[in-house]
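> Chains A and B supply the protein sequences, listed in that same order. Using this note's numbering, the first residue of the first sequence is number 4, and each one after it goes up by one. Using this note's numbering, the first residue of the second sequence is number 4, and each one after it goes up by one.
Possibly wrong hints are sitting among the right ones.
Identical copies look the same in the list; a pair holds intra-copy or inter-copy alike.
Unchecked claim - DSS-like cross-link-like pairs, simulated, lysine-lysine; straight-line CA separation at most 27 Å:
#, residue 1, residue 2
1, K159, K630
2, K350, K284
3, K472, K159
4, K472, K530
5, K159, K530
Everything labelled a hint here was simulated from the structure, so no lab data went into it.
2 protein chains.
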Amino acid sequence: MTQNTHRLVFQPSGRQGRVAEGTTLLDAARQLGVDIDSICGGRQTCGKCKVIIESGQFPKYSIASSLDHITPMGEDEARYFAKHPSSLTNHQSSFVHYRLSCAACITGDVLVTVPPESARHRQVVRKDARDRLITIDPILRQMFVEVEPNTLGGRKGDWERLQEALSHEWGLEGLRIDIHALRQLTPALRAGKPAAPTGNPRVTVVVWDEREVVDVRPGFRDAMYGLAVDVGSTTIAAHLCDLHTGAVLATESVMNPQITFGEDLMSRVSYVMMHAEGLGKLHAVVIGALNELATRAVRRAGVNMDDVYEAVLVGNTVMHHILLGLDPTELGAAPFTLATHAPVDVKARDLGLRIHPAANVHLLALQAGHVGADNVGVLIAEAPDQQDEMMLVIDVGTNAEILLGNREGIWSCSSPTGPAFEGAQITHGQRAAPGAIERVRIDRATGRPRFKVIGNDLWSDEQPPERIKATGICGSGIIEAVAELFMAGILRPDGRFSEELGIGSGESATSTHSPRAAPGLRFNGRKAEYVLATADQTAFGREIVITQDDVRNIQLAKAALYAGCKLLMRRRGVERVDRVVLAGAFGSYIDPLHAMVLGMFPDCDLGRVVAVGNAAGDGARIALLNKARRAESAQAARRVNYIETAIDPSFQEEFVNAMHLPNRVDLFPHLRAIGVLPDEQNEPNEDARARRRRERRARNAAPSSQVASSEAQTSTL
Amino acid sequence: MTQNTHRLVFQPSGRQGRVAEGTTLLDAARQLGVDIDSICGGRQTCGKCKVIIESGQFPKYSIASSLDHITPMGEDEARYFAKHPSSLTNHQSSFVHYRLSCAACITGDVLVTVPPESARHRQVVRKDARDRLITIDPILRQMFVEVEPNTLGGRKGDWERLQEALSHEWGLEGLRIDIHALRQLTPALRAGKPAAPTGNPRVTVVVWDEREVVDVRPGFRDAMYGLAVDVGSTTIAAHLCDLHTGAVLATESVMNPQITFGEDLMSRVSYVMMHAEGLGKLHAVVIGALNELATRAVRRAGVNMDDVYEAVLVGNTVMHHILLGLDPTELGAAPFTLATHAPVDVKARDLGLRIHPAANVHLLALQAGHVGADNVGVLIAEAPDQQDEMMLVIDVGTNAEILLGNREGIWSCSSPTGPAFEGAQITHGQRAAPGAIERVRIDRATGRPRFKVIGNDLWSDEQPPERIKATGICGSGIIEAVAELFMAGILRPDGRFSEELGIGSGESATSTHSPRAAPGLRFNGRKAEYVLATADQTAFGREIVITQDDVRNIQLAKAALYAGCKLLMRRRGVERVDRVVLAGAFGSYIDPLHAMVLGMFPDCDLGRVVAVGNAAGDGARIALLNKARRAESAQAARRVNYIETAIDPSFQEEFVNAMHLPNRVDLFPHLRAIGVLPDEQNEPNEDARARRRRERRARNAAPSSQVASSEAQTSTL
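Next up, chain A with everything else stripped away, as it sits in the complex:
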């Protein structure tokens, strides 16, 4: 007797075939290679496998599907839907006919739709604004299993019988078990015994990497969360994610408490070198901060800390080492040796991280002494190695980490920008905090500034000065200020204040020294400075100025960044890039136009310069949610061609060439096209510009000694 078979089509994949009568839809899906989720192993408990039975004629598939072609709903299944009515309303149509695919058996031809939430490898949109998907396939899986009870004279331990169940129901072999999970096992089996005297104990197991059981709990559970954390030198940001749906349930951030041991990385490395207990202290405070973040995140999301089974951490190399308790001393000096460049998995308890004690903490690979796991996070988040277009990815911090390339190869380097972009080494520089000037505009006709401070929605000229209370200039503010000064012609291409526009000390800022004198620019002995905020606009009753030194420091920083980009382009053999990606919080705050006018990175269509925010944190989230991409990231990190700027002779050359504000206007066709450069910059003829400058200088009666000294001062840079 041949068995009856029926035709079965799964949407949206379109996979189809004939399966035997009486087969469950879940088994049929597996036979046809359709990917349906399940935690409970077909016990009509988890609801992850629910599908929609379609009714009607489907000529495209030559199938007539009917609800009658499926066995009717039994008690258990009806009980599931009664307990979970919300699971019926996920779809827009109220007429869709949901069934649990593990319960419904085939009695005729059927067309079945697998809703997105039932696909085992669901996808989530990574960023609302951009079309990036993460396929949910974390390194952890949760499995509901039924364990055979022991019998008198039987000699198999609980763990051995659990292994048999996991092998039988889930095909897992050669598992090991964490000691904490082993401790939970016996009580879980006792508590997981159903009321019926004949039932076998049922437990939910969490398996890491198909290798290690990290948790065993009685009965059915589907809570499984993970933390993706970007450990920055300044800020630590954590996302708590649902490992089933990929949803971010809570995002928390905190200042990195290591700051009290040193603002920048090198001072923290010094602290470790100078203090016997230094490493232990720095390690303890950052772990303390992670515990605080985790506590806040689970509280906000209303979940249990014990259900947080994994954490993925990214950070620069120094943060990475300190997190693991590794001596970072060698990172402070050439040859910048890493303790390890490989990805690391370590038990949360071995770090003192108080999530589930058997949880693993994963640290992404490192690229080189200066290019850390955060940049590997950027690499997997932005995936330039999977694009055709030539992409330049810049993550600006104290060092800028730069990636350049496409699927044919990736080059990377770290460029020593210094902390100027973060507001350090700037006379009135400060961190991005309320009161900091973050936006600056300078009128090209009058030279007058206006600005915006963080925490105040109005521009400075839209409100009474005493309401502004500016406290300083943050990174984005100083970049805009320097770029605007340049565009207004107040700064010359070599970075010096245009002495023909300035006024001497003691003269009123509003008095005009020449027909085109800039109101805020003044020369005070050797010092040239531009008044950005007047005394009545600041919180401390004194002016906020931008000095010639400030400009020089920004020039040095931008030249380092630009030189790094150019070095990579030279190595890669390309003249221009198709896309510039600004990663990191800093990248989100700076205006691409101003950054390009300043010459922070090579010319590009401004519409293709994008800020992606915390790409490193995104990379951590991807590694948390998708094990394949996590594994790829370690390989990708090794494939990157790293260039050590410190020993590359062409870096120094590029650096010197990049000191000028947009140094060669022919290199910036896009800027030139939109006409934002000052007039003289739009003339490529250097001789003509020099001539005009000499003429102006003769026209204006600037004190020659001051000019000379100003020139002498800046030429030493």
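Position chain B against the provided structure of chain A, taking the given hints into account.
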């Protein structure tokens, strides 16, 4: 041009062959398959590879060996021997010519002797008294390696370069590294840099199971120790072993502090069941005891705790579970389910054991709910599965674990002897401690006892009574007492005191009630008892007696033990055994003759009944020193045919049959041959014995009511 080769012979193996001129002796040994040790990888540092160059004619090998056939000693080698003069005096002859085989190169034919201490797989004698060898091949290896330094622009981490060195020098691939070792790595490389500016850093690495690096230290080191611990319910004993030589450097023992939570295992399981924090407390106190033992052992041996890299623990199933923090509740009731029966490796730090933090702690496999890792220790120590003779191995404790078999198969069971053999449930029973009666002799003619107490070298009749200060009877004392009472005819085969020999209460013990009356035996109302120590011989001024109930309890215990042995013999299909091995401390104290007279185990040639002491601890030491035998033990544990006495109907039958003192004299031909059984026992004719008993009874005027009641009482047992 063909290369010159020379003839080379290695003693004592006799391996020989031709090798190229200029080859080091170490390389030549490897080419010829001769096993020479080395830690330093041929750097003339460790001295493990030293050999003896023989000089003269060796016709057996057709070789003329000369000291001139070896390159002369260089500076480094001379420095080694200057620093280690003692290494030259290990051999008896003072004329032997030692060389480091990694330094000496061949220039002609040579005969080389490899001294035992230079063999990589050396052997140590396990017990002085018996010819048992352990081949030293622990799961840990110590390796001295030279690591390439990092270069500027090089991107390999310290760990990756160490892996390259371990692969290149030692052929190890696919290693992982413990987080603690990773933390030590960078400082070790820094400190391991030689003074010479060109030298590469050198470190000593400890590798576990060719899989995991657990330690990295600067420079050359050869300190590597391990702990083998037998965790008994009463006593914990630890051996600190040198993992290079196998030597036991220190042995320490301590009372198991869990005793305060319950004397026997089941009361400790109950404590866990009744108290929420019970498991945690029992776990903490036993770990505390292990830490104390480890501290005492390293102090006594003068070594560092940080050089203790491994611990092997054995114990019964309840001890095993509590050590690991596993819930032992299920072991307290049928079906006696284990959390796991597999061997367990767990990090010392995860148990709170304060040896090297990356050390692994290994627990041997378990056989069944009642047969623990201690019995697996016994199994690998006594190795009945590798013998031809039929061996019975008995480990007596509260439960007796019994192994029976030979290389054709091993059967095992656990027999519920109860605590009587440990002195519990005995009127004046006590643990084996100073003051306890441990030896008893009863004169067969007079019925008078004499005895010895622990801590006193004289017998009771060799000293004034007031010097004796007996405090009670320990396990071996009660066994000897009952056996002696039986041999003196004072106890009848059914275990009742022979009423025709006793006296009534109030009569003097020295008055004779019948021609053969035993001086210490009296009947007091319902109670029959034998006075072992008079009031003036005890520490507390009252008699120490053996009551009818005491005898009954010993009978129950010995019947359980005997029944277990017989059950295994029945299953194995053998009538007699070739050898009886008494394991455990208890086995060392009891006299085999008395134990056999009591009928604790089946008849055997008394010359082939041996006490082996702490075989479980020996097994732990073997597993510590030899990785192959450790691995075999887990398989052997599974291969054992375990019989659950609780559900085996023939066990009950055997048990009832075994209640009599040597129950059927025909089963004890060896005892009969040496004539130790009382006269009536040497007559197999039951009818004749019964007749004689009736005659005696009639002859003596024992109060008939008392006899009747005594019979009624005992028949309920």
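> Now tell me if each hint is right for this structure.
Quick rundown of the hints versus the structure:
1. K159 / K630: For K159 and K630, only the inter-copy Cα distance (24 Å) is at most 27 Å; the intra-copy one is 33 Å.
2. K350 / K284: Result: close both inside a copy and across copies, 20 Å intra and 24 Å inter.
3. K472 / K159: Neither: 74 Å inside a copy, 50 Å across copies.
4. K472 / K530: For K472 and K530, the Cα distance is within 27 Å only inside one copy (25 Å; across copies 103 Å).
5. K159 / K530: neither (84 Å within a copy, 47 Å between copies)
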